[in-house]
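Visitor: With chain A held as given, fit chains B, C and D onto it using these hints.
Number of protein chains: 4
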Amino acid sequence: MNLEIFERLESEVRGYIRSFPVVFAKAQGATLTDEEGRQYIDFFAGAGTLNYGHNNPALKRRLLEYIEADGVVHGLDMATVAKKEFLETFERLILRPRGFDYKIQFPGPTGTNAVEAALKLARQLKGRPNVISFTNGFHGVSGGSLAATGNAKFRGAAGMPLANATFMPYDGYLGEGMDTTAYLERVLADRSSGVEAPAAAIVETVQGEGGVNVASFRWLRALEQLCRRHDMLLIVDDIQVGCGRAGTFFSFENAGIAPDIVTLSKSISGFGLPMSLVLMKPQYDIWAPGAHNGTFRGNNLAFVTARSALQQYWATREFEDTIRRKANIMGSCLEHIVRGYPQGRFAARGRGMIQALTAENPELAGRIAARAFEAGLVVETSGSQDQVVKLLPPLTIDEPLLRRGLEILERSAADVLGVSRTEPEKIRFINFRGVR
Amino acid sequence: MNLEIFERLESEVRGYIRSFPVVFAKAQGATLTDEEGRQYIDFFAGAGTLNYGHNNPALKRRLLEYIEADGVVHGLDMATVAKKEFLETFERLILRPRGFDYKIQFPGPTGTNAVEAALKLARQLKGRPNVISFTNGFHGVSGGSLAATGNAKFRGAAGMPLANATFMPYDGYLGEGMDTTAYLERVLADRSSGVEAPAAAIVETVQGEGGVNVASFRWLRALEQLCRRHDMLLIVDDIQVGCGRAGTFFSFENAGIAPDIVTLSKSISGFGLPMSLVLMKPQYDIWAPGAHNGTFRGNNLAFVTARSALQQYWATREFEDTIRRKANIMGSCLEHIVRGYPQGRFAARGRGMIQALTAENPELAGRIAARAFEAGLVVETSGSQDQVVKLLPPLTIDEPLLRRGLEILERSAADVLGVSRTEPEKIRFINFRGVR
Amino acid sequence: MNLEIFERLESEVRGYIRSFPVVFAKAQGATLTDEEGRQYIDFFAGAGTLNYGHNNPALKRRLLEYIEADGVVHGLDMATVAKKEFLETFERLILRPRGFDYKIQFPGPTGTNAVEAALKLARQLKGRPNVISFTNGFHGVSGGSLAATGNAKFRGAAGMPLANATFMPYDGYLGEGMDTTAYLERVLADRSSGVEAPAAAIVETVQGEGGVNVASFRWLRALEQLCRRHDMLLIVDDIQVGCGRAGTFFSFENAGIAPDIVTLSKSISGFGLPMSLVLMKPQYDIWAPGAHNGTFRGNNLAFVTARSALQQYWATREFEDTIRRKANIMGSCLEHIVRGYPQGRFAARGRGMIQALTAENPELAGRIAARAFEAGLVVETSGSQDQVVKLLPPLTIDEPLLRRGLEILERSAADVLGVSRTEPEKIRFINFRGVR
Amino acid sequence: MNLEIFERLESEVRGYIRSFPVVFAKAQGATLTDEEGRQYIDFFAGAGTLNYGHNNPALKRRLLEYIEADGVVHGLDMATVAKKEFLETFERLILRPRGFDYKIQFPGPTGTNAVEAALKLARQLKGRPNVISFTNGFHGVSGGSLAATGNAKFRGAAGMPLANATFMPYDGYLGEGMDTTAYLERVLADRSSGVEAPAAAIVETVQGEGGVNVASFRWLRALEQLCRRHDMLLIVDDIQVGCGRAGTFFSFENAGIAPDIVTLSKSISGFGLPMSLVLMKPQYDIWAPGAHNGTFRGNNLAFVTARSALQQYWATREFEDTIRRKANIMGSCLEHIVRGYPQGRFAARGRGMIQALTAENPELAGRIAARAFEAGLVVETSGSQDQVVKLLPPLTIDEPLLRRGLEILERSAADVLGVSRTEPEKIRFINFRGVR
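Chains as they are written, first to last, in our numbering: chain A, 1 to 436; chain B, 1 to 436; chain C, 1 to 436; chain D, 1 to 436.
One or more of the hints may lead you astray.
Copies of the same chain are indistinguishable here, so a pair counts whether it falls within one copy or spans any two.
[Unchecked claim] Mimicking BS3-like on lysine-lysine, the simulated pairs with C-alpha atoms at most 25 Å apart in a straight line are:
# : residue 1 : residue 2
1 : K126      : K103
2 : K103      : K153
3 : K103      : K281
4 : K281      : K126
5 : K26       : K60
6 : K281      : K60
7 : K153      : K26
If you're looking for bench data, these hints aren't it; they were derived computationally from the structure. Note that the coordinates shown come from a computational prediction; the quantities given were computed from them, not determined experimentally.
Just chain A, with the same shape it has in the complex (with noise of 0.2 Å):
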């Protein structure tokens, strides 16, 4: 496989060209196809992006006649009929059916510029600069949100100081038996606590960077209580694992709160095309018009494929009742490693269809997806310490792929464990304690 021009030109920032080093050039589905024609099924699923597949036949019809009838592609913030189609099928789709009034700015199509226009319109609306992020959060790396990205790789690139975010502990950071929110009631209600009172928390309901850690339903609720005790917004960064990932569109839907914005990108556009977007409470769509821009914030190729995946995947819910099967296959295949292989301190985790298989030690999981890679998997790691298996299939996979590729990460792990793999047609037949 020729990487060279990949070596000779591209910058040394280049990641997962490292971790698979192929030339991909089709994809389809669940299934990317290199220059050779080695197909790998894709457990990656560009980190959240692709939970409708690879080229989702639906959305690609609509696209191509979009584009074939001289369609408006870049439209800045102007008004387009793909845009007000759009808006249209959102609020019908998705807010209206979960009684939400949010209101939607289009912020520049990645993930990173929506958690900038969050994080400027709690601090406006708050008039205090200070927010609360947690340990091991990821909300991007431009200076803003970068401040409120816990991992030292990405500050450390920063050049420069990062001010403005105070790290509060997620759910689970100090142990079973500790409330964490207990923590940060403690510190917001003391005068004296040195930490500046904040705008806003922002939180991921699973971190997904951070190495799949799932805050409890019960957490969510004591941050929320917290926020509104305090008078803080609450942030939810939904952009990994909302559009269904976590099981409903918005992954805090069975949590019960109604966080004051929240952010959605990755796969909201359904096709991997960048897309982003903003959702506020309407008090607080105090924005000036114009005060935050960008160039590509009207993609409007974009809009198309995000409207055609609700009409899809969305009108009814249909769709939330298959990830929960796939879930459950996901989960019931975890425990089997988990407690199959104890050689390998295993444990796994995770909410829908984001799920992680965790080990001791931190350099197994790295050879586990090197190895499956070599069999034909994508899958990445994550976690401070790359110390987490993650496993995001598209969700729209079928189950016998899935199952194909689940094999696979256990003869992976069988096989850089040195054991020989235990009962794998098992994995079929256990039993699910339901969604996890």
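Guide: Frame of chain A; chains B, C and D shown alone:
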């Protein structure tokens, strides 16, 4: 024209929809068509994103073929065929002929992503947080870029102080007689000036959002030399005026400078798709793998059209000749307006096909642009007081349409001033002084 | 008592004059006398500045002789006889007997000057801006120190965000069971915690302004070890509880730790004159000549009395014995109040001769202090809600006067609670548990 | 001269001891005496702290009486007789005769404490963090003041970026022809200049540490008007050139401006004792009680000598006459040197009794000062390259001693240049142009 859903659902932050209150449906070349079939000449071109016009046929054909064939759409920074072919073409048609050996970073698909990455890299390289930016500079609105952006409307929206950028007067800011690099030299040489030693200077060769302020080539050379003397990197932000807008592919080619870092975006994809690049001299490529990331940094559809645009327009010098010719038409018309309507106290400026008509009375510009829109011309205002009518037609616009647009502009000026139009036929026959 | 000129001319920022609304004229030992001749027992001692009492006769004699003889009063950091003699004495009586080889900086004559210098030095040494501070810590109110001070009243007065300090829970902050250094260890070891690698931790062994919170020696040792593991300097801010206040010259002597940097001020001059010191391990003395300055860093009158105080009190261990004895009297009395007035829900705490009575109802403390003042006792409140009555008598107070002050305190508590005083004679005969 | 203990024990940060490597023992008026009995004329005066000379007899007598009588020495901000009498005298002799109704804050006893308080107040008042400072300004080295101080030696020692101050060119910085307030006006009026709207401008009327740069009264008036136009406070930092140094009590009296906030320190105590004041227009006294504090803000010995100094020197205008006369002698001598030693390419400047000889070759100044010290004159250098010999004799120096010092200076210049001294007797008879 029904804008109800935008007014009801979209955040107050929306901007251009207020200037151009119609719903656009289709677009081709330099022409936009609204829902009701009305056509507009586009002198806005997506704020410099559509240098090759809307739905450019050559690019469109390649895009459709790629999508039809299930090419990889979303690739993070994995290697793909589309990316490989773009790299090869960019090296062959752009870098090599111009004697550059830049390495290439895909920092996320928007201009502000590129600026963020460029500033991070400079700060890392020099170990110094401060950067020099210039009055009226615009580099984006995410945290890091925003600190280097001059406009108070954007800065104020941050809700917090913005640090680590020092603003210096741009070329001409202190009047004709004063070389503003002399002041910069003074404060950098003076250990007691209070200006922290900077890692870099970031500059636009023509400030688009700032009001079409044009830096002379002499000033740019002085700035480059000053950067060398003070161990600073020179970053040229070519997002708006690169890709041919100023007459050459890079806006600085004729200035005889060699920036250490260059940012490109807007028209680099050629089709209005989100894409951006950071170019850096190879010795400065000290990035750690993955230290800057972004979900959409591998927007493969953009790579396909970007490559096609390079092949179509930059394989020979011919395209530059057409730009020069049209720039002369624009300049000539603007001079005609300046001289023909002395009561407007207008001035004209620009370089290549970014040109501007400025009015002493800032209200005039807005009224002219509004009148022009009624007459079927999309044109925006810029500058700190929106006192500048900014002309950014597609570089590919045909001459009759260009002239038609310029006539609408003149007529709009005349209408706003309440005078009758003076000798419109003269526009075509004035002698030009060469590229402005 | 005529306070008219203060009310008319002095800024609203004035504070203690509101708690003690009389004009003081003279002072001797532990006694203050107001304009009208009324006397007060001083349990405040200049917030820890007058450990040897007001106008200590031995020091006063030397001061008068020095002034009479036209000794140098103001010397910037030029060498003077007074400074030389102070240095010799400090080395001989303080550093050598305790096995320290600190180098000495005169950073300007106030505590906050010392903290500023200490933080600068640590940041320079490690090349990292962040420092760890602790909840309820107080280190001064100039820009650099203020960022490490917890109290929102002081922080809010800055009128800008304060950066580069991360607050962590002090010993006991998360309740009895939780060793807060474990949390600190966790976030420092976790590369994704969002807490920037710090240059140093700055800590008070007993937090005076913060409400007389006492760090256990075990916790201090754990903190020191953590600093070693994470390449951080340990800075002990001994401004309020050094110079014998906590029972030994340095408050940390019995903890068995060796801070990298120590700040001293308040009682170091012994006479209430402005003076401060930064002590640093010799290997950390990387200061460039003159890189930190200050007009009054050579307050020679203070050097004279400082030397005299060392000679008078620290040539033998005897002084420490008297502190221990009086600390026991104080502790015993406070326990008596806690047990004798259960309706007050009081608690007592402290170390050496900084002791406190805390009340669950924060209003109580202020009312007790006010009542005590009426009865002739000057005592202040501290803590984030002023919920703590803080006892700081001169270390040299004689025992009868100490007991008299304690009796006033008890009577004031009784009055405020509306109960009759319980068995006052018992105060004298309680058995103590040793130094608290 | 034995400096061993300083070299062994004192931090490398020590500075002046390197320029004046002797141990000073006594001091009277304008004369310093070292351990070995050698005498030096003092043209340094504690960097402007000893305007009334060392151990001024009148002040000394009052100080001794106060201490003998057990007056309160340390009082935080409690009311004392000494403070009351100072306030009365300051109001009567300084404020009322000059038509000022400033309120007075005691912010801690050093200049940098005063600057910190002044900046906090301005930021609180305007709700804006940015302040304008000027090239070569010096306002202290604690965190807040340091951000407004220009010199890179001090700034670099912070070990972190310093924010929220924007440096603008001081009077004369851009050459004779250019009024630098015009540039400031330009960037403040331009909403796209990138300079955040400031809360205040802080300025020295003569920059002492910055190299004796003198702002014209016209420029100061322009600055004041600009502050009014842009809703900024004008803060005059009169720490070094107030208290008569520039010819009047406040250095700005003859400029006809009325600063909103004034900082005083250095010579305000009159005796070299730490003391400082912040004066603010009454409407700006929005301080919350205790929101800025400091252990030594009630340095009562300083209040005693401060009051005595006011009574002694500022009850009539006579003292100003003597300053003017001596200033003329100084100016005349410096002009004599400039003209008489053209090979030195000297220039002279100053106002009142802060005057300077500058040399084009920065080494010259240091060599002249060193030579002068050998000859018995203490004089320091200042400026960004230490290119300025700064003359700050006590205002009370008698004329013969002043002339003797000036002769030493001239001889030292001659020696360093290797020429013989030209017509020394002429110094006395030159005609002066009036106060410089």
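Visitor: Against this structure, judge whether each hint is valid.
Guide: Hints, one by one, checked against the model:
In the homo-oligomer, the alpha carbons of K126 and K103 lie at most 25 Å apart inside one protomer (19 Å), although the nearest pairing across protomers, at 33 Å, exceeds that limit. For the identical chains of this complex, K103 and K153 are inter-copy neighbours only, at 22 Å across copies versus 35 Å inside a copy, given an alpha-carbon limit of 25 Å. Taking identical chains as interchangeable, the C-alpha atoms of K103 and K281 lie at most 25 Å apart only when both belong to the same chain, with a minimum of 6 Å there against 44 Å between chains. In this assembly of identical chains, the alpha carbons of K281 and K126 lie at most 25 Å apart only when taken from the same copy (14 Å versus 30 Å across copies).
In this homomeric assembly, K26 and K60 come within 25 Å of each other (Cα to Cα) both inside a single copy, at 14 Å, and across copies, at 19 Å. Taking the shortest alpha-carbon separations for K281 and K60, neither the intra-copy value of 33 Å nor the inter-copy value of 39 Å comes in at or below 25 Å. In this assembly of identical chains, K153 and K26 lie within 25 Å of each other by CA distance neither inside one copy nor across copies; the values are 32 Å within and 44 Å between.
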